[in-house]
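A.B. asks: Combine the two chains into a complex, taking the hints into account.
Top to bottom, those sequences are chains A and B. Per the working numbering, the first sequence runs over residues 295 to 362. Per the working numbering, the second sequence runs over residues 1021 to 1428.
Note that these hints are calculated values from the structure, not bench results.
Here are the simulated distance ranges between beta carbons:
1) B:Lys1244 x A:Asp305: 23 to 31 Å
2) A:Glu361 x B:Glu1216: 52 to 60 Å
3) B:Leu1191 x A:Asp334: 46 to 54 Å
4) B:Glu1052 x A:Ile332: 45 to 53 Å
5) B:Pro1120 x A:Glu322: 22 to 30 Å
Here are the computed lysine-lysine pairs in the DSBU-like style, where the Cα-Cα straight-line distance is at most 30 Å:
6) B:Lys1244 x A:Lys306
7) A:Lys344 x B:Lys1141
8) B:Lys1140 x A:Lys306
9) A:Lys306 x B:Lys1124
In this text the structure is predicted, and so the values were computed from the model without any measurement. C-beta: ideal position from N, C-alpha, C; glycine also.
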Amino acid sequence: MSKLKIRVDQDKCQGHARCKSLAPELFELDDYGNAHEIGDGTVPDGLEDKAWLAQTNCPEIAIEVTEE
Amino acid sequence: MSDSPSASFLPEHPPVTDWVNDFDHTDPTWTENPFPIWEELRAASPVVHTERFLGCYMPTTYQAVKEIAYDTEHFSSRRVIVRDVRPDITARAPPITSDPPEHKPAKQLLLPPFTPDAMKKLEPRVRAICNELIDKFIADGQCDAAARYTKHIPVRAIAHMLGIPEKDGDLFIKWIHQILELGIKDDNELMSGVREMTGYFVSHLEQRKHQPGDDLISQLMLAKGPDGQPLSDEHVLGSLRLLLIAGIDTTWSAIGSSLWHLARTPADRERLIAEPALIPTAIEEFLRAYSPVTMAREVMKETTISGCPVKSGNMVLLSFPAANRDPAMFPDADKVVIDRKENRHAAFGLGIHRCVGSNLARMEMTVAVEEWLKRIPDFRLDPTGKVTWSEGTVRGPRQLPVLFGRTA
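Bound-form chain B, shown alone (with noise of 0.2 Å):
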């Protein structure tokens, strides 16, 4: 499995033995099955510490990740994942690397892009996607859905609304594995994949200079800043860096678990079948049991979290798929329910930095998995491959063998 994220796993990091006092989300045992340990590490403390990153908190409760994104004095979001090193900062993405007072008026301008209105207009075009993926492969009576199908999906959704080519999409893909997992332990990959990204928007930024048209970028060019003049073309980089990094893997990891739950639960794909109105709900627990996306901060004066002194200098991970596991917040938190009535799951975020994206992400989910449901209504793990996930911040299946059809 050489190809696999997990393999990356580098050796300078020692295996965990003592998961409350010293965790370390790229421990392999995280990277397969990280829910008992989050249950371990919540009966411990609602916050607990490693001296691995540099020093990093992690708060384990929905109330402890609350309390943490709200809190935008004594927690910046300057560093929004937790790595091995602590660099000058440089390739700022606004506003999700934004504290206030910028931060508003940086999200105003990529708010009205990704409405729900906004994204019924794309919904048609994610539809065709998914269908032209399942053409490719489902005569062949099985795939691996995350290499084939889900990887896809979220790609050339994005594009499609940034106005460059959806062909593009494997270049995106290799930028934000160097950035996102090879990155948080080795600098020269999340350089290499920063300056390249750079490059590649730099191109379309010139080309749009003499030809605008009415993509995404080039709204972003023609909109004006707070100070009423067109944005500097280092923010539009940092937001295009930002839409790229955010948009892709988040959704492709999301659509993934999905699937793989669907596999392994003939009930719930069933009853989806026969309810196809209940998708969205099911989608909203999928979103709260997988939620792929682990966030960071950094502590810049000291304070108190749930009763737990927090000291400056620290990262913070800032768990919301540990908050959305909280027995406290969710009744049964460890049964995927999905009917489940009340959900105030906090898998965008929570407060100022809610997922810009969300409605994006929420339709190309809710399309892909109706798309494939329709298509492939019976299918299950390839019980001779392996289920692969991502390392870090972003969890999704980076394989997942399915076979098609009822039984072998």
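Bound-form chain A, shown alone (with noise of 0.2 Å):
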């Protein structure tokens, strides 16, 4: 099966957080409350359907997921 990884695009961003309160294991917060995946965006087994819960609630669209 293909690994997913995501990435926050930082010029979309604005900080909604919805990312991190749906997924906390995939996104963290900067001191300004901006949303950035942890490491290197790599989603580990299991928290793929947290991935796309994050995705489809971005209101900026800033959270790319892709398939490796």
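C.D. replies: In structure tokens, the structure reads:
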């Protein structure tokens, strides 16, 4: 099965923090509340649904999910 | 109902008979139930126009609202309330009234105190505030939930953050009513509200010049602007005005609409009591379906939005609430689906002006609904009372009479 990878586009993120709330295992916030993928963005097995949930709830469409 | 905000509707606005070409967001019909009006406007065009308010557009679709929110070149935030008059701009409230390039540094200053982690520290106080309020009316078996509960939670929370007395809340509520509701049509009310609020904060600034604390006012006074210098008093005062105006009746409205929905929908109430982990998801849906805040922009340069020409000199009623009811964006947009999975709602705006207090509002709403449901699991609208809604820029219940218990 292919691995998912996530990336937060820093030009688009406005700090709504929906991703952090829905998938705290995959996203972290900086001091200004803007989101970043944790590590290199590789989604651990079993957290695929959370990655998609975060992606589909970002109001700024700032989260990219790709299959490796 | 002489004390209800909708009674303040002044006769000089003739009642609307043609919504598509002559809309008016202060008309009592809109105040009472705007949803069918938005549907009619959306069916007519992605952007509609009225000659009222010295000329004003309204985007009716999610797409058109988004285009305007992202376009800071043609649309300025220097005026953020659609009013009958457009006097010279005096009382700024950065960053909400700022455009690029001034916007970003002003906003960066306010972001760290409002992160989700910072809100976690405030949460126990908010939980205590909710229970102190409930203690005062739970034995009565009924209450006006807007006047006794939802109204006081955000005021006390923001006062706590700013380091000002929670008991001054009634003053704040008065100023906000003058600025956001009466001020749409009456410049004297607006100026008097702004003047009194500014005077109040000036004295708190003076106190902290001698004796800084660890509250948000002191933090702002100690913060440095992009030039490395401390912020001017005017900048600090503007940001304090913003926090008070933006942080209070918005969340008051959002909590009120959530309780209004739950009072009328026993199935949702029972499900949230059985599955409290679902409450944050339900809060997002209440934010979508009953978004309290409509913003505004001023057209600076002629452009086209969703194919519609937009001319300078007009205001724009930037209705995030209408965008959030657009069926092209949300399936079953008119239904409240408390476990809605995909929800890119724009209740806190889109783009650079995303509400700086969104994490605070979400925390307050979640805690307020959780604590209410724990203590008052069964409640319903009082059939002998009347629910009234605020007029204008922020929509939420201002009277919300409810009875506790399962049946009459």
